[in-house]
Amino acid sequence: AQSVTQPDIHITVSEGASLELRCNYSYGATPYLFWYVQSPGQGLQLLLKYFSGDTLVQGIKGFEAEFKRSQSSFNLRKPSVHWSDAAEYFCAVGPEKLTFGTGTRLTIIP
Amino acid sequence: DGGITQSPKYLFRKEGQNVTLSCEQNLNHDAMYWYRQDPGQGLRLIYYSQIVNDFQKGDIAEGYSVSREKKESFPLTVTSAQKNPTAFYLCASSSSAGSTDTQYFGPGTRLTVL
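Taken in sequence, the protein lines are chains A and B. All residue numbers for the first sequence refer to the numbering used here, where the first residue is 1 and numbers rise by one. All residue numbers for the second sequence refer to the numbering used here, where the first residue is 1001 and numbers rise by one.
Treat the hints with care, as some may be off.
Reference excerpt, derived from the structure (chain B facing chain A, CB under 10 Å, subset only) [stated by the list, open to error]:
#1 1033
#2 1040
#3 1041
#4 1042
#5 1058
#6 1060
#7 1084
#8 1088
#9 1097
#10 1098
#11 1100
#12 1104
#13 1106
#14 1110
#15 1114
Bear in mind the hints are in silico, worked out from the structure with no lab data behind them. The C-beta atom is built at its ideal place from N, Cα and C for all residues, glycine as well.
Go ahead and model the full structure; you've got the sequences and the hints to work with.
Written out as structure tokens, the structure reads:
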């Protein structure tokens, strides 16, 4: 069975600082990996996804993620955060029906 | 403007009452999904449908029912059998049920049982 873990419940970052959100997965073969973002009281928006090929994936809003098979990780990064990036971020794994992590809430301080 | 609409945004229900949440999409997607979101638990799959007139149970289907009579619509009924129905409900759709197909989400319905 597949599973995904987001170790950080809440992260606070200063505006302009770099960001890394952690995601670890468990799956026997090559996983399909996704990062979604959710603003308060809203639905989820896809940031990026990985199925195969280049392990560094570029997404929307300046985000990127790197698939590391040896570490079973798919961490999300952004070089410089903006106040509008404050939201909750979910990692998800396939290829069976999507399994979501419990999310990481990102707070941005001025 | 293509997308997924869910109504109502907020819903209040008395204990013992059934309630139906609406989900409509105009993306011409074959597959549709219902998720439940609780604080600290992420999203959990309730039901999904890969095609009209067909649907399958997800991980937490007990106390819920769905129908898929039209491609565009996938309503979710929360029955009185659902022990703890207060939650945020999200509907999603994808072009097919294939693993690589991106799921697009609606804005959600927050259900509160009084």
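Here's how the hints hold up against the structure:
| no. | hint | in the structure |
| --- | --- | --- |
| 1 | 1033 | 8 Å, holds |
| 2 | 1040 | 6 Å, holds |
| 3 | 1041 | 6 Å, holds |
| 4 | 1042 | 4 Å, holds |
| 5 | 1058 | 7 Å, holds |
| 6 | 1060 | 12 Å, violated |
| 7 | 1084 | 18 Å, violated |
| 8 | 1088 | 8 Å, holds |
| 9 | 1097 | 9 Å, holds |
| 10 | 1098 | 9 Å, holds |
| 11 | 1100 | 5 Å, holds |
| 12 | 1104 | 8 Å, holds |
| 13 | 1106 | 5 Å, holds |
| 14 | 1110 | 7 Å, holds |
| 15 | 1114 | 20 Å, violated |
Of the hints listed earlier, those the structure fails to meet are numbers 6, 7, 15, in rising order.
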